[in-house]
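S.K.: Read off the chains here:
Protein chains: 2
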Amino acid sequence: MDQSALYLQHKELLNQAIEALSTRQFFSPYPEHPKAYDPKLDAEGKDAFGRLLNENFTRLRQEADEWIGEEVSPLWQYGIGVRYPSVSPEKYISNSKAAAKEWKKASIETRAGVLIESLERVRTRFFELAYATMHTTGQSFMMGFQASGPHAADRALEAVAMGVQELNRYPKDLNFSKPLGKYSLDVQKSWKPISKGVGLVIGCSTFPTWNTVPGVYANLICGNTVIVKPHPKSVLAIAILLAELRTVLTELGFDANVVQLAADTTAQPITKELAEHRDVKLVDYIGGNAFGDYVEGLNKTVFTEKSGINSVIMDSVKDIQAVAQNIAFSVSLYSGQMCTAPQNIYIAEEVKTAEGVLSFDEVAAHIVEAVQGVINHPKMGAGTLGNVQNDATIKRISKVGGNVLLAPQKVENPEAVNARIQSPTLIATEASSTEYREECFGPLVFLVKTENTIESVAIASTLSAEKGAITCLAFSTDADTQEFIEEQMNEVFVPVSMNLTGAGFVNQHAAFSDFHVTGGNPAGNATFADASFINRRFVWVGNRRMD
Amino acid sequence: MDQSALYLQHKELLNQAIEALSTRQFFSPYPEHPKAYDPKLDAEGKDAFGRLLNENFTRLRQEADEWIGEEVSPLWQYGIGVRYPSVSPEKYISNSKAAAKEWKKASIETRAGVLIESLERVRTRFFELAYATMHTTGQSFMMGFQASGPHAADRALEAVAMGVQELNRYPKDLNFSKPLGKYSLDVQKSWKPISKGVGLVIGCSTFPTWNTVPGVYANLICGNTVIVKPHPKSVLAIAILLAELRTVLTELGFDANVVQLAADTTAQPITKELAEHRDVKLVDYIGGNAFGDYVEGLNKTVFTEKSGINSVIMDSVKDIQAVAQNIAFSVSLYSGQMCTAPQNIYIAEEVKTAEGVLSFDEVAAHIVEAVQGVINHPKMGAGTLGNVQNDATIKRISKVGGNVLLAPQKVENPEAVNARIQSPTLIATEASSTEYREECFGPLVFLVKTENTIESVAIASTLSAEKGAITCLAFSTDADTQEFIEEQMNEVFVPVSMNLTGAGFVNQHAAFSDFHVTGGNPAGNATFADASFINRRFVWVGNRRMD
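Protein sequences appear in the order of chains A and B. Residue 102 in this note's numbering sits at position 102 of the first sequence, with consecutive numbering throughout. Residue 11 in this note's numbering sits at position 11 of the second sequence, with consecutive numbering throughout.
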């Protein structure tokens, strides 16, 4: 296949994507619903996934000194047995540097063509990705499909589009003429975006493609090469995706090592050796705060998405049942393992509703009832909760005591009898207590009783500034209070979602429209995907010449 | 004066400036030549400067616990006696936070109007700035005028224009509609650029306004407030400029403490206390590497312009005399105290010229002769060299030995008999020696004999990557070699100026066209002024609402 033909083939999609970056309107070229795809793809994807089990994952065509893997399906609770190629960190880096020679010289258009083509190939594997994601992260089929498939592809395309836009920001060359009285100073000037070098992208266990591809595609469009170090318990989905990318690179005449998978094991981690290597110039990190702080301390170009304490602020509502349902779904979805899931629900002592003022206890009862409704609903239940990725999450939560309003309920997945399912634990607490002031990852929610909304906002904003926050869901029927909440939370760089009901959920961040993580508080230093997410990956250099 | 009227008054200039950011063509709304200004302004400026001497600088209208100042004129070699208001670091910061309340709420247009108006006011003080700059930095009148006046105003306007462009990048609000089969999810979305807070701008002794205003104006347009901590030996010029800015702020109804001067003394520096304060969120730093590295290690948003080892690469030339003259002027200008001045001239053993091959010694002789020509020229001499800002620079250079081709020459300034003038010391050295491998600030130039251009480039690029570099001047008549030099130096993020002669000098970086410092090597982590120079100063926050 020809490089320029490939670009022309994807040019229209690219231009639509670039336009969408500015308009921020709905744009999702990869439909999110499985029914939008050829029905035979589901069976093919399931079959393809099945054939990967207990085998070496050879599709990457990467060299291997050994084959390693330790993923365990949260649905089956036994290992999936897939093994990935492994070489030394030094070897990954020398491969990457060798592959860079041609890749950084390729035109922006050529790179864009290759990257979009890879997404088109991945499109045919969305179902395989869904099953791979289910059996590594514990996500439900629907979430695994959407998050690892179309939503990840949207985010990757967003990074490519932002890259093409920024890399073309200045003229390639021009004749500069400065008037100097009777004559002029004439200089030929040219500007080049120079790539920074080898980029390391460190993935997380829960969203192995969605959180990884923005850094990967952003690096690649800028001419950097990439080493992906996935979480050792969540490799398969990103491996499937990278295999397509490597295939396209090879077909177009590039060294496939422009992007490599660098799997490791819990016993022998390689992340720090890679991250600290002098030839690694960029690090993208998605995961917990402790390691994220370490990454931010490296003297490199670093992009982090860590975690935080997300809040719900209950001031006043029109329809308490609709609101309680909205909250219930957001805290239940994937058992609170989304980085956007609420942890603390601040409820004023008196919450105004259309049917009169409700007390904290009454509001709490509505939320408890709504959560029970979600998890006991035959069509939602297991499908909404998904499964808990890591045993340790459940162990940690079981140690948290207090005024438990709702303990974990028995929820079964008839299709996976061993599934590690856990419904949210709801704990009522006073504003003066401390246990809710730390991040508690997973299905655990605190209902915090406050004097009034002013106190709710004060606590939520203080914790956001100190510990970080990615989202804030707020409910108020009063315009001044709405503005107050937005202003106060925005000051600590937390976006506010106000009065969401129905199909609008705080957990969702749409590519091309919603920025994901603001970069302004300790929940992360970067955003999917603003201009800085691209511009920090390369350097403008301007040359001048006279004859 | 009315805020919106002010914006409308400056809107056309702003729009021209925004367009210039993209075209990169010559754009300089503040003429660089003194003759372009009303002739009476010169006398007025000199007079105004004279009246400042040995007085408290009250024009800032800043509160003072005490009045401090220790500037010494490098021309007179005695103190100018100007004293500046001083309060505690804690007080500057509380002032700044108080002033932020209204400033961050002001519209982008209002801020732009205020900032451009301040530049228009400063325009009337360019001559006063020239004299203030001469008698603090040691620059010649012409350089003091251009650098502190029009060129600084250009750079400030550039930052404002880049700010307005980026701050308006996304829609303020829109109705987002996501199709969901038979119905749609409708959400009102809005985006706000939220300022980060208090910015500290740390100035340097040699270019007190040119290097300071980009950070000041970039912070201000983004809604941040600013504390300027000038070099204690070079305060007056930026004080004059900030006084105008504070006056305009006051006239428009803002708290003048949106920008404050925080002078200190060598004996009692306050820089670290300010920089480390938890409420200081942004730091701009211009100066030496040691302190710059400290600033970069702060866990804040940091912009640095440090120093490096700039190179000249002599491969082949058309006209050795024209080339030698160009180099001579660049190394003599302000006695090598510009951050863009060359330090090491790498000369191949054989340099092709139109009149045959020249040896290293012959090329060196041409350069020595050309430097003598510049410094002994009655119309250039003292006016080109200016004066050495700091005694320590001369002491340091006097300790460097070796094969001295040209020692400091006796150059006199008839208008300032005590002037601290020092012409460049030219030292010939072998590639294998080490003394040229460190930054040597001031009038000291190494002529490094190399085997060939490949070796010249190898050394220059290695030193750039390790120690930093802001410029590279190269001479080659061969197209392949030109490309080789550009590619190799660009790889370490150093821009190349090729075959400059006549009025084109490597020292010059024009606002709106040339980026100043690339940010890609140890000479600094930021650029005057790319998109990141703005975008890192605020955070996009997107809110969502449903009814």
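By construction, these hints were calculated from the structure, which means they are not laboratory data. Any given hint might turn out to be false.
What the hints assert, rightly or not - Here are the simulated distance ranges between beta carbons:
#: 1; chain 1: A; residue 1: Lys-97; chain 2: B; residue 2: Leu-298; range: 23 to 33 Å
#: 2; chain 1: B; residue 1: Lys-182; chain 2: A; residue 2: His-377; range: 15 to 25 Å
#: 3; chain 1: A; residue 1: Lys-101; chain 2: B; residue 2: Ser-4; range: 50 to 60 Å
#: 4; chain 1: B; residue 1: Pro-179; chain 2: A; residue 2: Glu-66; range: 20 to 30 Å
#: 5; chain 1: B; residue 1: Lys-97; chain 2: A; residue 2: Glu-66; range: 35 to 45 Å
#: 6; chain 1: A; residue 1: Gly-79; chain 2: B; residue 2: Lys-97; range: 29 to 39 Å
#: 7; chain 1: B; residue 1: Leu-180; chain 2: A; residue 2: Gln-16; range: 45 to 55 Å
#: 8; chain 1: B; residue 1: Thr-477; chain 2: A; residue 2: Leu-174; range: 53 to 63 Å
#: 9; chain 1: B; residue 1: Lys-40; chain 2: A; residue 2: Gln-188; range: 39 to 49 Å
#: 10; chain 1: A; residue 1: Lys-105; chain 2: B; residue 2: Lys-105; range: 25 to 35 Å
The beta-carbon is built from N, C-alpha and C at its ideal position, and this holds for glycine as well.
S.K.: The structure should be examined with respect to each hint, and the outcome stated for every one.
M.R.: Verification of the supplied hints:
Between A/Lys-97 and B/Leu-298, the C-beta spacing of about 31 Å keeps the proposed range 23 to 33 Å intact. In this structure the hint that B/Lys-182 and A/His-377 lie 15 to 25 Å apart at CB holds, the actual value being about 21 Å. For A/Lys-101 and B/Ser-4, the hinted distance range of 50 to 60 Å is satisfied, since their beta carbons lie about 55 Å from each other. B/Pro-179 and A/Glu-66 have their C-beta atoms about 48 Å apart, which leaves the hinted 20 to 30 Å range violated.
Taking the beta carbon of each, B/Lys-97 and A/Glu-66 are about 57 Å apart, not inside 35 to 45 Å as hinted. At roughly 55 Å, the beta carbons of A/Gly-79 and B/Lys-97 sit outside the given window of 29 to 39 Å. Separation of B/Leu-180 from A/Gln-16 is about 21 Å and departs from the stated range, judged on CB atoms against 45 to 55 Å. For B/Thr-477 and A/Leu-174, the Cβ-Cβ distance of about 23 Å falls outside the hinted range of 53 to 63 Å, so the restraint is violated.
Look at B/Lys-40 against A/Gln-188: about 40 Å separates their beta carbons, and that is inside 39 to 49 Å. Between A/Lys-105 and B/Lys-105 the beta carbons are some 48 Å apart, a value that contradicts the proposed interval 25 to 35 Å.
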